[in-house]
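Novice: Each chain is listed here by its residues.
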Amino acid sequence: MSPSIQFNRRTLLAGTGVSALAMLIAACGGDDNGMSANGSGTSGSLKEIDLLTVAFPSSLSNLYPGQEAGNFNYYVACLVGEGLVAPDGTGKLVPALASKWEQTSPTTYVYTLREGAKFSDGTPLTPEDVVYSVGISKDEEKSPNIAYYWANVDKAEKTGDNEVTITLASPDVAFEWGPCAANALWITSQAYVEGNGGEMGTPKALLYGTGPYKVTKFEPDTMVELERVDTWWGGVPPVKTVRIEFITEEATRVLARKSGDIDLAISISLDQLSQWENAADTSVLFAPDRSYVGIDFNTAVEPFDDIHVRRAIAYACDRATVVEKLLVGHAEPATALITPDQISSVLGLDGARKALKEVLDLPFDLDKAKEELALSKVPDGFSTKVGVSSSAPQVSQFFQSLAETVKPLGINIEVEEMPVEQWYDTIGSADWGLAYMWYFNATGDPAEMSSWFLGEGNPASYSNEAVTELMAQAKEETDPAKRVEILLEAQKTALADIPYIPLWWGEAATAINSKYTIEDFGSYSLLSPWTPRILTVD
Amino acid sequence: MDTAHSHRRLTQLLSRGSLTRFIIVRLAATGLLLLVLSFVVFALLHLTPGDPARNLVGVRNVTPELLQSIRDKYHLNDPFMSQYLRWLGNVLHGDFGESIRNNTTVTTLLSDRVTLTLQLAGLSFFLTVIVAVPLGIAAAWRSGSVLDRSVSVASIVGIGAPTYAVGLLLLYVFGLWLDIFPVYGSGDGGFDRWWHLVLPAITLASGLAAMVFKLTRTAVISELNQDYVAFAQSRGLTRRQIRSLVLRNAMIPVATSLGLVFAFLFGGTILVEVTFALQGIGSLLAGSVTFKDLPVVQAITLLTATVIALTALAVDIFYYAVDPRVRQRGIR
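Going down the list, the protein sequences come from chains A and B. With our numbering applied, the first sequence closes on residue 1958, and no number is skipped along the way. With our numbering applied, the second sequence closes on residue 334, and no number is skipped along the way.
Because the hints were derived from the structure by calculation, they are not lab data. Incorrect hints may appear among the rest.
[As the list claims (entries may be wrong)] Here are some, though not all, of the chain A residues that point toward chain B, as calculated from beta-carbon distances under 7 Å: (1) Q1487; (2) N1565; (3) E1669; (4) D1681; (5) Y1844; (6) W1872.
Even glycine gets a Cβ: it sits at the ideal position worked out from N, Cα and C.
Using the sequences and the accompanying hints, generate a full structural model.
Specialist: So, in structure tokens, the structure goes:
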């Protein structure tokens, strides 16, 4: 059942909406970190848009990210639901449904709810709703995809008329990103969920929240339609209707843009970049997407238990050429597990790059690769295989070129393509000593991926007490600058042992009707209500 | 009706060698086939690598306990036979289970998609029949004529062209340049739905129509060469009377091929569905197989098999209706 209110506003951003919206945009888009890649430097202004048609390259079967947590699920969910906090343009957390919050002890977070916040049908938000929603997120059956984020949460309780307190079992600074619609909380109402028999995100039980849009139509794997509401605390967004189509065939998506049927194509394929760039009335925007691609060695599997073998392969990886040729320049050679955008709110983007470059900067050097192999227990080389998801053609090309590079050293790498579902099984598996990771950081928390990769149960079977100690410190360090310092130290220590070889940090390309542009398009642009950033080109 | 009576009635029906007996036996055989098929598919999917619980959470730092709790929810850790029997028991009670990927019942998931695929297959079938059969007859009648030769050449192209390429070509020409038909999607219902299905249906029909054309042409030519045609001519029957005789006999192989065409269409829409962004059962099946979403794969496989079996049955009943020889000797 969808909320019943029908809102048909023809006038633009009336009353308080304008000022609140302007404030939000200032808060969200005011970053000056050079991420906006609008190329021509197109500028525009906020104008009423009746219908914005968006095309995703993969389909959504369920709108609730706790159940289905692809990147695209988040882009829809953050228009409809909100968490207590949200990321701004630089990845810093700013108020969303909580007007402020405070960490009163290493394990206690107190959130003051925003006065007058309402659900899309006008029902006021209560602290009970927040507590109930946390319960759903924590439930492994209802939210298999995000429950792990709440595993360390001991309890969430109402501690005042407008206050909710969340208590952790043990200190973990990364928790700050938990109650965020970009990650693991979409506040909904108990009455609504129970009225729908506990279902969420299906056509029968549409997503329901306090955001600027409500879902008016959802056909799983086909399309979703959102209509703006006038109940959002941030004002009335300029785009009245957002229609999102799922077009999995890229050639068809290009045609849909050429025929003018769609305005915005998110995550376009680099393979067909020239098609997109040549389409009439279309601009292509690039922005880092906080994704990491790198080699994982299972250090418990021969011959990768030998650091010389790992180092030999690391010297044989020509990151710069890969980025330039395979990724046509639309990525960045990676030197750490953390992506620059996850520490840019602390160090600025340039500072972040500089700091990360010092983590692991092994140059491409075949002579050194040879020397390292000669020192190893397999000086004459060895044979191995690597499983690559068929949805990652660039990774497959990378491994094929790596295989060519190391062949003269006597190393045979067989590249085996497989469906993405089978690739999951290669991660950390003893059958695959050589594997790779393509990870999209959901949050801006610099420890997100490293707490997995350098923590217990990591895919490399890697352990190092000094690293464990540093990671434990990072969990409790509340000063962001100090925490980044500790995390960088942990990475430096760990990567010296080469359990992983970072290859590149990815960029996402988005094609847009050149009538429009996205203001300050960057890594976090689509993770908080993003339609107010769609500007009409003057 | 008491049991003894119904049993007697069934025995009577089965003993008669009638159409009814034929249908009952065939339906029973179909049931058995579906049972065997369900077991084979279940076993094959069980043997393929991959873990649905891991597929559900994707690339995430999840604890073994979480994966375990998902597996428990869907009974993925139970022994193979007990998983299969649980599934079978539920199906016999009309419950096809819940999709692991979509967290919704299989029945809900399939209902809209089956309609779309049936509409697409139906329209495509209709186009195939109205184009290919008359052309095949005309080409056979004027064998060697310009019409015959040009359609025969075109049909070779039709059979050879890959579906994906035909689809994109049609999209370029009719969707983009001429801007007559929509480029993607299944429309908003009613006429709009059919309008959206025209290009996909033509894409699907192009190869099939070429095949049906060739079959019809061959069937009619072979009938034209039969002795009875020469006799009929010598006895002074009109052209129209002869044509009616020939077509009636040629219908049998044509009907068989049309039955196959429909069955193929129902199970073979996947490429077209992907190209035109249509959410039918083809694209769902593909996604569900790689995900190892067993309940969905089972339901689609059985549905497709049922459609094929029922189509074959319909073709046989059609023989019975048109062919007096079949009626006389009874069908087996």
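Novice: Hint by hint, say whether it matches the structure.
Specialist: These are the hints, each one checked on the structure:
Against a cut-off of 7 Å between C-beta atoms, the interface hint on A/Q1487 holds, since the closest Cβ of chain B lies about 5 Å away. Evaluation of the A/N1565 hint against chain B yields a held restraint, the C-beta minimum of about 6 Å falling below 7 Å. The restraint placing A/E1669 at the interface with chain B holds, with a minimum CB-CB distance near 5 Å, inside the 7 Å limit. Interface restraint check: A/D1681 against chain B, minimum CB-CB distance 6 Å, threshold 7 Å, status holds.
Among the interface hints, the one on A/Y1844 holds; its C-beta lies about 5 Å from the nearest C-beta in chain B, closer than the 7 Å criterion. A least Cβ separation of about 3 Å between A/W1872 and chain B falls short of the 7 Å threshold, and the interface hint therefore holds.
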